[in-house]
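Please build the complex by placing chain B on the supplied structure of chain A, with the hints as guidance.
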Amino acid sequence: MTRRHLMALGAALVAARATPAAAAPVDDDGDVLLRLIALEDTATTADTGAAAHERAHAQAMRTLLDALGRRAPREPAAAGDEPEAARESRLIEAYAAALLELHDPSILRTAGTILASHSQHRVRARLEAGLDPFTSDP
Amino acid sequence: MSRRTLLAGGAVALLAGCGEEDEPAAAPRPAEVLLRSLAAERALSAAASRRVAARSRERARRLASAVSEQGGRPHDAPARADGGDDAAAARTALVAHVESLPRLSGDLRALAAEMIVGAAADLAVLTGEAEAFPGTPA
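For the protein sequence lines, the chains are A and B, in the order given.
Numbers given in our numbering equal positions in the first sequence, counted from 1, plus 1.
Numbers given in our numbering equal positions in the second sequence, counted from 1, plus 12.
One chain only, chain A, in its complex shape (with noise of 0.2 Å):
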């Protein structure tokens, strides 16, 4: 290893932590974040039985992106008419899309318990419409 080499690498190192390509990571989880909550905050504004946990979902979303420095606005849009089982589908597809972004543990692993708590939503959705609780269910 000569001087130049060492002088390559320190001026790597330093460009490195200078570029926001750096904190990248983090940046990501954030933005995922952003959109989750975005997506429980319309839940919430649904008249089900699923509410308080879409609340608890937001919460426990902004309470994440907070460590991470970042805000979430509160403006939800109105969740619409859509029925019950089908909003938690589309739950689920963006919690299923949302973990392969994700690289925090904690974060991924809460996420996680969200995403199993959406596909209950659904189960107990399906069962009071009347219809087969597993349909197109891994």
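One or more of the hints may lead you astray.
To be verified - One side only, chain A facing chain B, incomplete, derived with CB under 7 Å: (1) 52; (2) 54; (3) 116.
Said to hold, decoys possible - Computed footprint of chain A on chain B; a stretch qualifies when at least three of its residues, placed anywhere within it, have a C-beta under 8 Å from a C-beta of chain A: (4) 101-111; (5) 115-122; (6) 128-141.
What the hints assert, rightly or not - Anything over 12 Å on all C-beta distances counts as not near chain A; from chain B, calculated: (7) 44; (8) 81; (9) 82; (10) 83; (11) 90; (12) 91; (13) 97; (14) 146.
For the record, the hints were derived by calculation from the structure and aren't laboratory data.
Heads up, the beta-carbon is just placed ideally off N, CA and C, and yes, glycines get one too.
What follows is chain B alone, placed relative to chain A:
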């Protein structure tokens, strides 16, 4: 930026790189992580009633296939004797799937997400309840 700073940065980067190479791999291999999920699903399939057991066996089949693809041996996940608390077994499987998330990536993490959706649905059917954060380790 002085030559001394660049040299020091390069030395630190070099030492950090050497350390990573010298340390033993602390994280379990994907096959080992999947084996834990597979063992939990096999326990659930042994404990649950017919329909939930069939769903659990299908998840176990997919996990066993993934273990094999990762170079592991599915038979290392023990098959359990029939009986036991089906809801407790479903909860144990769900926790195993959630815990596997940070240790897997790509297609294997997507598989874990599908396992979470399925096991959570089974737990909801077995207990008649939906929870806010099911799969959270005790």
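For this session: Verify that the Cβ of residue 81 of chain B lies farther than 12 Å from every Cβ atom of chain A, and report whether the claim holds or is violated.
Result: Answer for residue 81 of chain B: holds, closest chain A Cβ roughly 18 Å.
For this session: Could you let me know if the closest chain A CB is still more than 12 Å away from the CB of residue 44 of chain B?
Result: At roughly 17 Å from the nearest Cβ of chain A, residue 44 of chain B sits farther out than 12 Å, so the non-interface label holds.
Problem set entry | Hint validity - residue 52 of chain A Cβ closer than 7 Å to any chain B Cβ | This hint is violated: residue 52 of chain A lies away from chain B, its Cβ roughly 11 Å from the closest one there, beyond 7 Å.
Exercise. Closest CB-CB distance from residue 146 of chain B to chain A, is it above 12 Å?
Worked result: violated (4 Å)
Problem set entry | Outside-interface status for residue 97 of chain B - nearest CB in chain A farther than 12 Å | holds (18 Å)
Exercise. Closest CB-CB distance from residue 82 of chain B to chain A, is it above 12 Å?
Worked result: holds (18 Å)
Problem set entry | Beyond 12 Å from every chain A Cβ - status for residue 83 of chain B | Per Cβ check, residue 83 of chain B is outside 12 Å of chain A; nearest 23 Å; holds.
Problem set entry | chain A versus residue 90 of chain B - minimum CB to CB distance exceeding 12 Å, so not interface | holds (23 Å)
Exercise. Has the segment 115-122 of chain B got at least three residues whose CB is nearer than 8 Å to a CB belonging to chain A?
Worked result: holds (count 3)
Problem set entry | Coverage assertion for the segment 128-141 of chain B with respect to chain A, Cβ distance below 8 Å, three residues required | holds (count 10)
Problem set entry | No chain A beta carbon within 12 Å of residue 91 of chain B's | holds (21 Å)
Exercise. Does the CB of residue 116 of chain A sit less than 7 Å away from some CB of chain B?
Worked result: Hint holds; residue 116 of chain A Cβ to chain B Cβ min 5 Å, cut 7 Å.
Of the numbered hints stated above, those contradicted by the structure are hints 1 and 14, listed in ascending order.
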